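*Asks:* Top to bottom, those sequences are chains A and B.
Position one of the first sequence corresponds to residue 1 (our numbering), numbered consecutively onward.
Position one of the second sequence corresponds to residue 1 (our numbering), numbered consecutively onward.
Treat the hints as calculated values from the structure; they're not laboratory data.
Being a predicted model, the structure only gives us computed values, none of them experimental.
Careful, some of the hints might be misleading.
Same chains, same names: a pair is fine if it fits in one copy or spans any two.
[Said to hold, decoys possible] Calculated pairs, DSS-like style, for lysine-lysine (alpha carbon to alpha carbon, straight line, at most 27 angstroms):
#  : residue 1 : residue 2
1  : 669       : 695
2  : 314       : 383
3  : 729       : 669
4  : 91        : 720
5  : 468       : 669
6  : 388       : 681
7  : 669       : 314
8  : 596       : 301
9  : 388       : 669
10 : 695       : 720
11 : 720       : 583
There are 2 protein chains.
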Amino acid sequence: MAFVGTFCGAASRVENRRGLLSTARPAVSSSGASSFIAPVALKRAAATNNASGMTMSDVAVAKPLLQQTGDSFADMCINSIRFLSIDGVEKANSGHPGMPMGMAPAAYTLFQKHMTFNPKNPNFVNRDRFVLSAGHGSMLIYSLLYLYGYDSVNMDDLQNFRQLGSRTPGHPENFETAGVEVTTGPLGQGVCNAVGIAMGEAHMAATYNKPGFDLIDNYTYAIMGDGCVMEGISGEACSLAGHLGLGKLIVMYDDNHISIDGSTDISFTEDVGKRYEAYGWQVINVPNGNVDVASIDAAIKEAKACTDKPTLIKVTTMIGFGSPNKSDSHDSHGAALGKDEVTATRDYLNWEYPEFEVPPKALDHFRTKIPEGADAEAAWYAKFNEYKAKFPELGAQFESNVLNGELPSNWESDLKAYGEGAKANATRKLSEASLQVLGKAVPNWIGGSADLAPSNLTIMEGLGDFQKTSYEGRNLRFGVREHGMGAICNGLVLSGYNLIPYCATFFIFTDYMRAAMRLAALSQVGVVYVMTHDSVALGEDGPTHQPIEHLASYRAMPNMNMYRPADPVEVAAAYAVGVESRKTPTIIALTRQGTKKLENGSYEGAKKGAYVLSDNSSDGAADLCLIATGSEVDLIVDAAEELRKSGKTVRVVSMPCWERFELQDDAYKQSVLPDAIPTNKRVSVEAMTSFGWAKYAGTHVGIDSFGASGPGPAVMELFKMTVANVVEKASSL
Amino acid sequence: MAFVGTFCGAASRVENRRGLLSTARPAVSSSGASSFIAPVALKRAAATNNASGMTMSDVAVAKPLLQQTGDSFADMCINSIRFLSIDGVEKANSGHPGMPMGMAPAAYTLFQKHMTFNPKNPNFVNRDRFVLSAGHGSMLIYSLLYLYGYDSVNMDDLQNFRQLGSRTPGHPENFETAGVEVTTGPLGQGVCNAVGIAMGEAHMAATYNKPGFDLIDNYTYAIMGDGCVMEGISGEACSLAGHLGLGKLIVMYDDNHISIDGSTDISFTEDVGKRYEAYGWQVINVPNGNVDVASIDAAIKEAKACTDKPTLIKVTTMIGFGSPNKSDSHDSHGAALGKDEVTATRDYLNWEYPEFEVPPKALDHFRTKIPEGADAEAAWYAKFNEYKAKFPELGAQFESNVLNGELPSNWESDLKAYGEGAKANATRKLSEASLQVLGKAVPNWIGGSADLAPSNLTIMEGLGDFQKTSYEGRNLRFGVREHGMGAICNGLVLSGYNLIPYCATFFIFTDYMRAAMRLAALSQVGVVYVMTHDSVALGEDGPTHQPIEHLASYRAMPNMNMYRPADPVEVAAAYAVGVESRKTPTIIALTRQGTKKLENGSYEGAKKGAYVLSDNSSDGAADLCLIATGSEVDLIVDAAEELRKSGKTVRVVSMPCWERFELQDDAYKQSVLPDAIPTNKRVSVEAMTSFGWAKYAGTHVGIDSFGASGPGPAVMELFKMTVANVVEKASSL
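With the hints as constraints, model all of the structure from the sequences given.
*Replies:* Structural data, given as structure tokens:
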């Protein structure tokens with residue numbers, strides 16, 4: 001097939017399938033000429049065009065310039081974005097050019113005409129937020145940050161895309177690049193983060209705004225692609241967003257019909273707009289996002305005008321728009337276009353600038369956002385000063401909690417006092433009481449459960465439900481949507497209001513939300529996960545509900561605090577670490593069943609991750625050391641008593657958090673687990689897989705198979721999680 | 001609030017919200033009398049009705065019998081199901097009575113009037129399949145299995161619901177109870193399993209049916225609840241089911257408006273029917289599933305009549321139907337009703353039989369399915385014998401592969417020969433070639449990728465795509481739906497056709513599908529997971545895409561083979577284990593980057609999980625032992641050479657699968673990792689967390705933090721995954 005045929009085929013495909021606006025674009029004849037479209041000579045020499053082996057140079061034909069917006073200044077700006085993205089990927093010889101090429105017009109329209117932000121202070125509290133949920137198109141956001149004058153991305157960074165140490169990693173990372181709100185790449189997560197950010201905005205506005213003082217009043221925008229829409233997680237969060245009527249959430253769906261396997265026709269033919277309408281969203285179609293910036297602009301306006309529903313703007317685009325041979329194909333999705341095709345694309349779009357060069361007029365235009373943004377922030381502060389004068393208490397709270405992320409002075413003393421004064425109970429009950437303490441003490445503490453509130457015991461009394469009519473409520477109702485919940489909580493942290501969210505389900509169901517939890521750990525987001533029913537002792541629900549490998553699997557994850565507290569003091573300590581750890585998420589695993597209150601339970605010790613509960617040796621070199629976490633600490637306390645009766649010296653160690661313990665200095669670590677008691681004299685006891693314990697102990701009382709359905713005590717007995725078994729195993733050492 | 005008020009409130013709620021058929025049910029006045037509804041005296045004595053402290057016995061009032069189906073025989077059968085479920089939960093004092101009470105009419109209508117099955121052979125190949133996706137309602141399926149005469153559930157089992165060792169665990173388990181097709185409980189999974197089963201049916205029918213011989217021709221039914229619908233996983237699989245036009249998939253949605261947190265109004269107000277229409281499903285509403293069995297029946301008929309779309313039957317019910325005080329409330333969801341309320345429910349529904357007693361007439365009626373089912377199977381075999389005569393080759397293949405689950409004789413020799421003959425490459429490329437071998441050799445080998453086929457390299461050439469118009473295709477196109485993919489593959493295994501499915505994505509994205517993978521392990525389902533891009537060496541995509549904790553997290557999971565092969569021979573061995581392991585899933589982690597071919601790579605050794613590649617000591621007690629997996633085996637081979645140059649004796653061990661190694665006898669284990677080389681002389685090398693390696697080695701070359709974006713070799717260098725570092729660490733021992 002020769003080039004003319006290819007081009008015409010592509011053109012008619014476009015017209016038939018993508019619905020290019022006929023008013024804006026005269027028909028292209030097979031001769032390629034039209035009064036509106038300038039013919040451009042093709043310079044490509046050797047690129048093979050298709051399987052026939054013919055090359056474009058074989059075909060002498062004038063080449064039509066691809067239709068652009070009709071506004072040459074806008075074209076210049078849009079192509080500035082496009083070619084920075086193309087060039088960045090090209091230089092790295094790695095990355096995803098197709099999405100930025102297709103979505104540059106939408107991104108430009110959004111940033112230029114709608115978004116308020118301050119490039120010189122990416123953290124301006126009332127900025128509009130933007131999330132690139134289709135994170136593989138990272139060069140789009142890097143190009144925008146550069147063009148708008150963010151200090152975080154300079155020309156060197158663009159030229160070092162995807163290189164070690166650059167601020168332009170393969171996928172956007174909030175912790176590397178100021179202006180990147182959230183870390184994306186794993187599909188579907190970003191749009192859910194955006195839901196969380198919009199929830200944060202709604203909560204802040206409801207909590208702090210007063211008549212005449214819209215202190216918090218901003219939009220959350222996101223761009224997602226077919227992959228994001230296909231992922232179940234996005235359905236979860238977007239269904240909730242519809243339920244909550246988040247009118248300031250505006251998501252553009254880059255409907256380009258291409259995913260890695262090729263056309264979405266092979267696996268994804270649902271009616272996305274109708275699905276989002278079913279969720280309770282407003283849905284607006286932009287049939288030609290490649291060129292029709294007026295419709296994009298109108299759609300965003302319409303989205304903003306709808307205040308009681310989130311809006312999905314379905315922007316139909318052509319992936320790799322502008323690439324004569326790779327557009328509308330997965331060839332432009334995930335690899336550099338190649339030198340020849342980049343040249344062809346420059347020709348095609350009539351782009352005369354060399355690589356990484358931006359027309360000065362365009363750059364000037366983009367950079368007008370710098371003073372505009374500074375003005376916006378200054379105006380906001382002026383208003384805030386008025387607010388503080390009029391509402392001194394709320395104003396002070398806003399300044400301290402929201403702007404500065406400070407915690408009230410009493411929060412930890414209240415928590416510790418609760419823990420030390422509380423009676424024994426199931427640790428989930430102790431968690432419930434801790435939540436009440438934090439709910440009172442910490443204004444930015446907010447959270448809820450994935451439809452297990454009566455089991456997780458996560459309702460904060462008197463603090464109201466966060467609902468469409470009551471965004472000031474601090475109890476979140478996630479529905480049975482664990483994965484969406486996890487990503488929403490990431491968004492709440494990253495919303496920029498210093499919110500501290502907790503979320504809850506059964507510990508086993510962290511499996512549903514693991515990808516979001518990993519992103520919390522990776523992107524340094526201090527969510528607190530309240531995970532009850534933490535072992536086979538939950539009983540009758542059986543092995544589908546009984547965690548076995550879960551503690552180990554989170555201990556293996558970097559930057560994750562995995563707590564399993566044993567009693568009220570340890571529960572309080574776990575929460576304290578969770579609240580303090582703003583850059584490390586914390587899981588708190590909690591029992592369904594009752595536990596005892598430890599005689600020597602230590603708040604400080606629990607915060608350090610491990611500590612000695614008792615030791616009857618005189619020299620710190622006991623015959624045996626028993627180590628346990630959570631509900632099994634009761635077992636080793638009793639077992640130690642038995643063993644001591646038979647003349648052994650025994651050290652008893654509670655070890656609620658390995659990661660915190662590993663952060664302590666060697667002296668502390670030796671004071672708890674000294675070399676004088678070698679691992680072959682230590683026994684770990686945990687109603688869970690023994691996997692990983694070899695690091696601390698040579699003998700294990702654990703459960704390395706799946707659980708069983710029966711009353712909790714019977715199940716524990718079945719798996720020999722008994723004092724007798726601990727004594728027997730320890731005695732044999 | 002007194003009882004009358006409570007009841008009337010409930011009744012009017014029902015009428016207003018649930019749309020009870022006015023033709024079938026006269027209005028209930030506050031006096032409780034009507035010509036159609038028999039008053040029943042309440043016998044409850046002491047149950048506190050509400051927060052006012054008033055009890056039902058305080059209120060002397062005649063009680064209306066709740067409207068039933070209008071067919072007293074059907075009522076008797078339906079109430080047999082209801083009360084077995086109520087009594088089972090009550091005796092266990094644990095479980096979920098509400099759902100079976102609400103859905104008994106739908107389940108009865110489905111099983112009695114529509115389903116073909118043989119109670120005495122739950123594996124009859126052409127049976128209709130039923131999946132209880134709302135697995136917490138397990139007493140519903142146990143009651144049905146008992147009533148229909150399955151040997152797997154007798155009266156003792158019903159009375160031992162949720163007790164250790166019973167065949168009636170808390171949630172349905174396929175491996176415990178014949179007649180339970182899949183293990184459910186974790187929400188959303190079951191309906192996706194059902195999609196997989198329906199795909200299996202479609203594939204079998206397309207592969208084996210001939211004109212006049214509909215060898216495989218059955219329906220897959222499922223019941224799901226609000227929780228299943230909220231979970232994103234169900235959206236993924238149901239979108240794909242719509243795309244694939246699975247006309248024989250019929251899902252009943254128990255729309256009871258109640259989840260654990262209370263009314264679904266607090267978090268779930270989307271239009272589910274519209275969403276499913278958007279997926280391409282037929283949607284039928286049954287407004288009163290509590291009583292209107294005629295409409296349920298008609299809906300199922302309509303569903304069957306639609307051959308090119310799956311059908312969602314939205315059956316609106318009242319949870320806990322029949323319980324005067326706990327229906328329409330989450331009180332009946334997840335706990336026993338309590339003795340008094342059970343009595344009140346018996347009164348309410350005019351049920352005169354004591355606990356666990358089924359009216360003989362009802363039992364006789366249910367048990368007519370025993371001869372009917374036997375006849376159906378006999379007729380099928382008669383037809384199959386004709387088929388075999390007419391199509392001897394296909395008939396023999398069906399008998400061998402589908403009925404008996406046998407593998408062709410040459411499959412393993414072909415695979416092994418490929419591995420031994422192949423040249424070095426990226427292990428994902430070697431995997432691709434292995435897939436071609438298996439595709440040719442094993443007719444029931446089927447699978448695909450979650451939209452990463454060109455990266456995972458998972459297309460089997462010449463075997464066609466499984467699409468709506470080509471169900472005989474063996475390449476599955478899952479779209480970007482990892483979790484749905486995992487659950488669909490579980491369904492494919494459990495479809496009962498002895499299919500062996502593989503599925504693929506980047507190793508990191510197992511995080512999205514972990515809950516389905518755990519269910520594979522728990523429910524003894526031998527899926528093969530082809531997981532490429534298995535370390536930071538994947539390079540530029542960066543830390544969002546780079547696995548760190550993943551190997552450890554799967555090694556910690558019971559009944560999961562976690563393979564990380566190093567070269568062609570080991571890749572072939574990993575696939576062989578995957579194919580053989582019909583009751584254990586197998587993950588195969590594969591590199592993006594090139595690897596060397598090992599000089600002494602051993603197929604048998606790799607199948608055993610670990611083996612010695614080389615050892616230059618004379619006594620089996622080398623100075624050092626280096627252990628690695630996958631691409632890092634190349635590192636230790638080179639490091640050993642260096643170390644030997646400096647006079648050390650070094651053993652080099654490749655350890656592609658810990659779990660398989662642990663299954664070997666002690667003699668074999670000692671032959672690989674002898675006590676003579678203690679752990680403090682062993683170094684593990686893996687470009688991944690060192691978590692867990694303490695069991696085998698005292699020193700680790702690993703990566704215990706998140707990765708980084710850059711070219712693969714640069715990233716490996718950054719994290720010191722180098723020969724030099726291995727030599728240095730080992731030299732220091």
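*Asks:* Decide, hint by hint, whether the structure agrees.
*Replies:* Structure-based check of each hint:
1. 669 - 695: For residue 669 and residue 695, both the intra-copy (13 angstroms) and inter-copy (20 angstroms) Cα distances are at most 27 angstroms.
2. 314 - 383: neither (36 angstroms within a copy, 52 angstroms between copies)
3. 729 - 669: both (25 angstroms within a copy, 23 angstroms between copies)
4. 91 - 720: between (60 angstroms within a copy, 26 angstroms between copies)
5. 468 - 669: neither (50 angstroms within a copy, 62 angstroms between copies)
6. 388 - 681: neither (62 angstroms within a copy, 66 angstroms between copies)
7. 669 - 314: neither (56 angstroms within a copy, 59 angstroms between copies)
8. 596 - 301: Classified as neither: same-chain Cα gap 60 angstroms, cross-chain 58 angstroms, threshold 27 angstroms.
9. 388 - 669: neither (48 angstroms within a copy, 72 angstroms between copies)
10. 695 - 720: Classified as both: same-chain Cα gap 22 angstroms, cross-chain 22 angstroms, threshold 27 angstroms.
11. 720 - 583: between (39 angstroms within a copy, 26 angstroms between copies)
Checked against the numbered hints above, the structure breaks hints 2, 5, 6, 7, 8, 9 and satisfies the rest.
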